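Trainee: Based on these hints, arrange chains B and C on the given structure of chain A.
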Amino acid sequence: MTLLPALLALACSGGTSDPTPDPAILTEEDAVERVEVKLALNWFPEPEFGGFYEGVLGGHYERAGFDVEIVPGGPGAPSLELLTSGRVQAAISTADDILVKRNRGVKAVGVWPAFQLSPRGLLVHADAGIHTVEDITSGDIALEVGSPFQRYLWDKMGWEGKVQAVPYGGSVGPFLADKSIIQQAYITSEPCVARGAGASVEFLRAADSGWNPYGVLLALPEPLPDWSADFVAATATAWEAYMKDPSRANARISELNDQMKPELMGCITEAQQPFITGSDGMGAMSVTRWEAMAGLLVRLELLPAGSTAAGAWKELP
Amino acid sequence: MAEGVAFDGVAFDGVRFGWRGEAPLFDELSLRVPAGEIVAVVGASGCGKSTLLRLAAGLLTPDAGRVTAPAGERAFVFQRPTLLPWRTLADNVRLPLELAGGADARDADDAVREALGKVGLADDADKLPRALSGGMKMRASLARALVTRPTLMLLDEPFGALDALSRRALHAVFLALWRREGFTALLVTHDIDEAVLLSDRVLVMSSRGEGVPATLSGDVTVTLPRPRTRALLHDPALGAIARGLEEML
Amino acid sequence: MSRLLPLAAAALLLLAWWGLSLKYPPVLLPSPLEVLTEGWSGRAKLLEATWNTALSSAGGLLIAGAFGMSGGILFLRSRWLEAALYPYALLVQTVPIVAIAPLLVVWLGYGAPVAVTTAAIVAFFPILTAANVGLRGVSEEQVELLTLYGASWWQQLIKLRLPASLPYLFSGLRTAVGLSVIGAIIGEFVGSNGAPPTLGYLVLQSSRSAQTGTTFAAIFFATALALAAFGAVRLAESRLIDPWHGDSQ
Numbered sequence: 001m002t003l004l005p006a007l008l009a010l011a012c013s014g015g016t017s018d019p020t021p022d023p024a025i026l027t028e029e030d031a032v033e034r035v036e037v038k039l040a041l042n043w044f045p046e047p048e049f050g051g052f053y054e055g056v057l058g059g060h061y062e063r064a065g066f067d068v069e070i071v072p073g074g075p076g077a078p079s080l081e082l083l084t085s086g087r088v089q090a091a092i093s094t095a096d097d098i099l100v101k102r103n104r105g106v107k108a109v110g111v112w113p114a115f116q117l118s119p120r121g122l123l124v125h126a127d128a129g130i131h132t133v134e135d136i137t138s139g140d141i142a143l144e145v146g147s148p149f150q151r152y153l154w155d156k157m158g159w160e161g162k163v164q165a166v167p168y169g170g171s172v173g174p175f176l177a178d179k180s181i182i183q184q185a186y187i188t189s190e191p192c193v194a195r196g197a198g199a200s201v202e203f204l205r206a207a208d209s210g211w212n213p214y215g216v217l218l219a220l221p222e223p224l225p226d227w228s229a230d231f232v233a234a235t236a237t238a239w240e241a242y243m244k245d246p247s248r249a250n251a252r253i254s255e256l257n258d259q260m261k262p263e264l265m266g267c268i269t270e271a272q273q274p275f276i277t278g279s280d281g282m283g284a285m286s287v288t289r290w291e292a293m294a295g296l297l298v299r300l301e302l303l304p305a306g307s308t309a310a311g312a313w314k315e316l317p
Numbered sequence: 001m002a003e004g005v006a007f008d009g010v011a012f013d014g015v016r017f018g019w020r021g022e023a024p025l026f027d028e029l030s031l032r033v034p035a036g037e038i039v040a041v042v043g044a045s046g047c048g049k050s051t052l053l054r055l056a057a058g059l060l061t062p063d064a065g066r067v068t069a070p071a072g073e074r075a076f077v078f079q080r081p082t083l084l085p086w087r088t089l090a091d092n093v094r095l096p097l098e099l100a101g102g103a104d105a106r107d108a109d110d111a112v113r114e115a116l117g118k119v120g121l122a123d124d125a126d127k128l129p130r131a132l133s134g135g136m137k138m139r140a141s142l143a144r145a146l147v148t149r150p151t152l153m154l155l156d157e158p159f160g161a162l163d164a165l166s167r168r169a170l171h172a173v174f175l176a177l178w179r180r181e182g183f184t185a186l187l188v189t190h191d192i193d194e195a196v197l198l199s200d201r202v203l204v205m206s207s208r209g210e211g212v213p214a215t216l217s218g219d220v221t222v223t224l225p226r227p228r229t230r231a232l233l234h235d236p237a238l239g240a241i242a243r244g245l246e247e248m249l
Numbered sequence: 001m002s003r004l005l006p007l008a009a010a011a012l013l014l015l016a017w018w019g020l021s022l023k024y025p026p027v028l029l030p031s032p033l034e035v036l037t038e039g040w041s042g043r044a045k046l047l048e049a050t051w052n053t054a055l056s057s058a059g060g061l062l063i064a065g066a067f068g069m070s071g072g073i074l075f076l077r078s079r080w081l082e083a084a085l086y087p088y089a090l091l092v093q094t095v096p097i098v099a100i101a102p103l104l105v106v107w108l109g110y111g112a113p114v115a116v117t118t119a120a121i122v123a124f125f126p127i128l129t130a131a132n133v134g135l136r137g138v139s140e141e142q143v144e145l146l147t148l149y150g151a152s153w154w155q156q157l158i159k160l161r162l163p164a165s166l167p168y169l170f171s172g173l174r175t176a177v178g179l180s181v182i183g184a185i186i187g188e189f190v191g192s193n194g195a196p197p198t199l200g201y202l203v204l205q206s207s208r209s210a211q212t213g214t215t216f217a218a219i220f221f222a223t224a225l226a227l228a229a230f231g232a233v234r235l236a237e238s239r240l241i242d243p244w245h246g247d248s249q
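Protein chains in written order, with the numbering used here: chain A, 1 to 317; chain B, 1 to 249; chain C, 1 to 249.
Just chain A, same shape as in the assembly (with noise of 0.2 Å):
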């Protein structure tokens, strides 16, 4: 029974242009010892997840030894959660959100981030006459009430009692109907999205507010488990595949996401690709930018004072 698959990776393997015979498949008992790790996004399927579902469909993760299945996520999703009941063994999230959750009892540790730049921002109509967040005085804007990032842009453009922050649904549909609204968006989506519905839009960076954390950020259960090298490993090796060519990926998005139209999928990749990689290069972290996170979000009070960010991340292999 297990001689099968081992027969077939072996004819399969015919197909890659790898020369050297994969080490995964050479004894029965590597076929089918795979580490099961069930990965928990924290929103829809989406091209910023990219990497992540090329892992799976072309192998890296399985090549490597691990069998994932992505768990999609939605508006408020308990990634972080899910992870520290042993739920899920792997998780997307943020530096904030990881800050934030390590201090309420969550126990995990951030290994590897695509984003450089956050993707989050605000998304307006391009003729409301708002082209940078100062512009902003008044009114509503859709985004997740409560959120780190919320309570950020509110402090520091003291918006309390001018500014209302409203639930975020997670769709542009309120959005195209009325030009007056500014919701929250990430540059992997709902610019591209409304601008394929023939809205024409602004997207004002959450970076350039002075937010910036790590963005869709791999955190793994602490005590970092023992594949968690070899894990972060093919995650960069996906992600560098996905890069290259992002099509097969984005067409499973495409599939399992409505919005995701394959048409929008030229938009986002472009848009996306300079905020993956950033200036530090795509997978980098420092510990100067994980402090000033911490150090953020203790002015804010989401973090007791003197909390620093060490223990919740770790740089792998």
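The set of hints was computed from the structure by calculation and includes no laboratory data. Because the structure is a prediction, the values reported are computed rather than measured. Any given hint could turn out to be false.
Said to hold, decoys possible - Computed beta-carbon distance windows for the label pairs: (1) A:Q273 <-> C:K45: 57 to 63 Å; (2) A:C267 <-> C:V98: 28 to 34 Å; (3) C:P96 <-> B:D123: 58 to 64 Å; (4) B:G46 <-> C:R79: 28 to 34 Å; (5) A:P274 <-> C:P96: 53 to 59 Å; (6) C:V98 <-> A:K179: 55 to 61 Å.
Glycine included, every Cβ here is placed at the ideal spot set by N, Cα and C.
Mentor: Below, chains B and C alone, put in the same frame as chain A:
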């Protein structure tokens, strides 16, 4: 019947009535209740005594034939007191006056007080039906029936749910009221002794089977003297009349 | 002794909660102490939010009551209107509020009107059902009584059916009151902009930044609100209904 005097009682002329989709309960039914008389109707249950009463009250219309009733107000006393539980006794008695409308509030209050007085419930005017015994509720029902000064009283087994003591008390109340007010009364009862005790005439209804209309198989004048007393219940004369009626059922 | 039982149950539940909170991270289940602390320090805002949510659920309940009662009267008046419209009444009950809430925001804008509407939607059907049953919960004899005295359809409604329906209505209210609080909060999840603060908004906001102590405190305030509303209904019931209800007529 004297010539030239308009008939002011209850009359059924060739009345036919059946519930929709069912065989008629009566056919070619004729009877006469002279004004001011108490007439009892007895018969086996289900032969339409209650329906007959409702035809007399005008609550139902006959399929054929005619029902005439005295001019003036009609009152109906149901098997159960049918007091509205959320109203006090006084308000319950006031109900017919409210529905008639046009009654001055003060006049209504007087009429209510008078009616309650006649049945001996003057002190209980503000009580809720819940707080009353079965006999008291029945008396309240009588008071409500009286408040419009009816010329015709229709009673459907009014004392059937009461215990023997209350029943006897209410017999006395009813007869006293009748003596005072002089209304015509049609009284349906399954208690033959009661029928004989209270009424001037007893009509006997009997049915001859499923689907066959009921008929008046008997019309017996009660020859006992008035005023009727409780002692008459033990009088062999009453018993004789009662047994005679039983034979006709 | 029996008074102590609910207290004993509460103490046991509190103990169980505290035990569980040791097992789970605070982001999932905060300890009772933390909820108490957060609730106390944030009490001003929580109280204000509770008041606003209370207003929305009360408003929704009033609307639901008006529509429910009107529906019951309408269905009483016209059998074919009932046949035509009842399925839509049922539809109101089954539509998931989270699905239509965004549409409500488009129509009504952010704020209380959305919460009032969602509260009304969930509270509507229990009241309609209660009205339907209650308005028909009268005996034939009661209807005959009023017919005999010439009551119009409206008089019958006002003097008989409406008062008779009150016990059923209160029964429906007991259910509807808690539902209206839930309905309001769900509406606030989508349609509140936090100014003025509402319980739904506070739950959303506090849970998003993992301040679960506040989240649970808000939930407790919501529960307290529902209980208080229930108590108010019971109080009204004890004054308006209990004195006369329960009499078998």
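Trainee: Tell me, in ascending order, the numbers of any earlier hints that this structure violates.
Mentor: Result: hints 1, 5 and 6 break, sorted rising.
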